[in-house]
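When we follow numbering that gives the first Met the number 0, the leftmost residue of the sequence shown carries the number 0, and every step to the right adds one.
Be aware that a few hints might be false.
Distance condition first, Cα-Cα at most 27 Å in a straight line; then the derived DSS-like pairs of lysine-lysine [unchecked claim]:
{"no.": "1", "residue 1": "LYS283", "residue 2": "LYS124"}
{"no.": "2", "residue 1": "LYS236", "residue 2": "LYS146"}
{"no.": "3", "residue 1": "LYS156", "residue 2": "LYS107"}
{"no.": "4", "residue 1": "LYS129", "residue 2": "LYS283"}
{"no.": "5", "residue 1": "LYS107", "residue 2": "LYS42"}
{"no.": "6", "residue 1": "LYS42", "residue 2": "LYS53"}
{"no.": "7", "residue 1": "LYS283", "residue 2": "LYS107"}
{"no.": "8", "residue 1": "LYS146", "residue 2": "LYS121"}
{"no.": "9", "residue 1": "LYS149", "residue 2": "LYS124"}
{"no.": "10", "residue 1": "LYS236", "residue 2": "LYS121"}
{"no.": "11", "residue 1": "LYS149", "residue 2": "LYS286"}
{"no.": "12", "residue 1": "LYS121", "residue 2": "LYS286"}
{"no.": "13", "residue 1": "LYS101", "residue 2": "LYS53"}
{"no.": "14", "residue 1": "LYS121", "residue 2": "LYS149"}
{"no.": "15", "residue 1": "LYS156", "residue 2": "LYS236"}
{"no.": "16", "residue 1": "LYS107", "residue 2": "LYS27"}
{"no.": "17", "residue 1": "LYS236", "residue 2": "LYS124"}
{"no.": "18", "residue 1": "LYS27", "residue 2": "LYS42"}
{"no.": "19", "residue 1": "LYS141", "residue 2": "LYS156"}
If you're looking for bench data, these hints aren't it; they were derived computationally from the structure.
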Amino acid sequence: MNMAIQNILKLALVLAACLTCVPAIAAKPNDAAAIPHLDSGGKEGFREFLTAGKHRAFVIAPGGAWAWKGGELTVDSAVDGAIQACQNGTEQPCVPYVVNDKIVFDAKRWTTLWGPYQNRAKAAKAYTGKERGSRFFDLAIKSPTGKPMKLSDLRGKVVVLHFWGTWCPPCRREMPELQELYQELGASSGVQLVLLQMREDFATAHQWAQQRHLSLPLHDSGVTEMGTESLALANGKAIPDRRLAVAFPTTYVLDKHGIVVFSHVGPIEGWLQYLPFLQDVAAKSGK
0 MNMAIQNILK LALVLAACLT CVPAIAAKPN DAAAIPHLDS GGKEGFREFL TAGKHRAFVI
60 APGGAWAWKG GELTVDSAVD GAIQACQNGT EQPCVPYVVN DKIVFDAKRW TTLWGPYQNR
120 AKAAKAYTGK ERGSRFFDLA IKSPTGKPMK LSDLRGKVVV LHFWGTWCPP CRREMPELQE
180 LYQELGASSG VQLVLLQMRE DFATAHQWAQ QRHLSLPLHD SGVTEMGTES LALANGKAIP
240 DRRLAVAFPT TYVLDKHGIV VFSHVGPIEG WLQYLPFLQD VAAKSGK
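Let the sequences and hints guide you as you build the complete structure.
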């Protein structure tokens, strides 16, 4: 083999080795598909934003809330106006994604936006409710094995509390992605999924999941028949299910003190996008 061929082969090997070193191409400012948690309506809104005059800003929040302002006098007024409009529709913090033609999104900060998390002393004083920062209602439920328990028994773990039903088409469609999230989390993640069936008995929900080979940890809400519209509380009282979920499915994430850090009404698209958020709560809450 002559020297020229040897040099060509060496160069080819070097190039092949470097292919794994090439950094990922950054998202383009006009790429709606790259924006996290954005549904089809949000993507359409982003395309409208791109046609607006300067100064303009597009902001987003965990869970899919978004808003934009365009044709403003200054960059600051565009950002402030977009954030204010976004916050009107969510309890989650809204942050800029694109300002004028530049992506200003902070990906590292994004997955910490459910925080900062309450310490033990502050959490002990939290009022009972479903809003962000409140301590969620202490439901009387049953474990997947049928053992009576309270939601508060899971303090010390992050809880993904999910209200669903087999009669609910969006709930059914969401289940495969929840299964993927459950598998990615693993048993030692410090995160507990609690899926509670609404307006039907546990046997119906369990049979439906088994038929579809879903291994999700289904807890029993205590509902025993179709049409029951209330859930039992640990103090012996009952609470209307619509007070907890105005529509199904509805999801809450509770930190290790049982404090609501996130909620979402309706199906969530891209459950795996929430994995780093859950890992952040598991690592930082409960102090």
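Outcome of the hint check:
1. Taking the CA atoms of LYS283 and LYS124, the gap is about 19 Å. The hint holds against a cut of 27 Å.
2. The straight-line distance between the Cα atoms of LYS236 and LYS146 is roughly 19 Å, inside the 27 Å bound, and the hint therefore holds.
3. The hinted pair formed by LYS156 and LYS107 meets the criterion: a straight-line CA distance of about 23 Å does not exceed 27 Å.
4. Note on LYS129 and LYS283: the hinted pairing holds, with a Cα-Cα distance of about 21 Å set against a maximum of 27 Å.
5. About 22 Å separates the Cα atoms of LYS107 and LYS42, which keeps this hinted pair within 27 Å; it holds.
6. For the hint linking LYS42 to LYS53, the alpha-carbon distance of about 19 Å falls within 27 Å, and the restraint holds.
7. In summary, the hint linking LYS283 to LYS107 is supported, as the alpha carbons are separated by about 15 Å, within the 27 Å threshold.
8. For the hint pairing LYS146 with LYS121, the CA-to-CA distance comes to about 31 Å; that exceeds 27 Å, so the pair is violated.
9. For the proposed pair LYS149 and LYS124, the alpha carbon gap of about 20 Å is at most 27 Å, so the pair holds.
10. Between the alpha carbons of LYS236 and LYS121 the distance comes to roughly 26 Å, so the proposed pair stays at or under 27 Å and holds.
11. Between LYS149 and LYS286, the direct Cα distance comes to roughly 22 Å. Compliance with the 27 Å bound is thereby established for this hinted pair.
12. The hinted pair formed by LYS121 and LYS286 meets the criterion: a straight-line CA distance of about 10 Å does not exceed 27 Å.
13. Pair hint LYS101 plus LYS53 holds up; C-alpha atoms about 12 Å apart against a cutoff of 27 Å.
14. About 22 Å separates the Cα atoms of LYS121 and LYS149, which keeps this hinted pair within 27 Å; it holds.
15. A C-alpha spacing of about 25 Å is found between LYS156 and LYS236, which places the hinted pair at or below 27 Å, so the restraint holds.
16. Restraint check for LYS107 and LYS27: satisfied, since their Cα atoms lie roughly 18 Å apart, inside the 27 Å limit.
17. For a cut-off of 27 Å, the pair hint linking LYS236 to LYS124 stands: about 22 Å separates their Cα positions.
18. A hinted pair counts as satisfied when its Cα atoms are at most 27 Å apart, and LYS27 with LYS42 qualifies at roughly 14 Å.
19. Restraint check for LYS141 and LYS156: the C-alpha separation of about 17 Å stays at or below 27 Å, so the hint holds.
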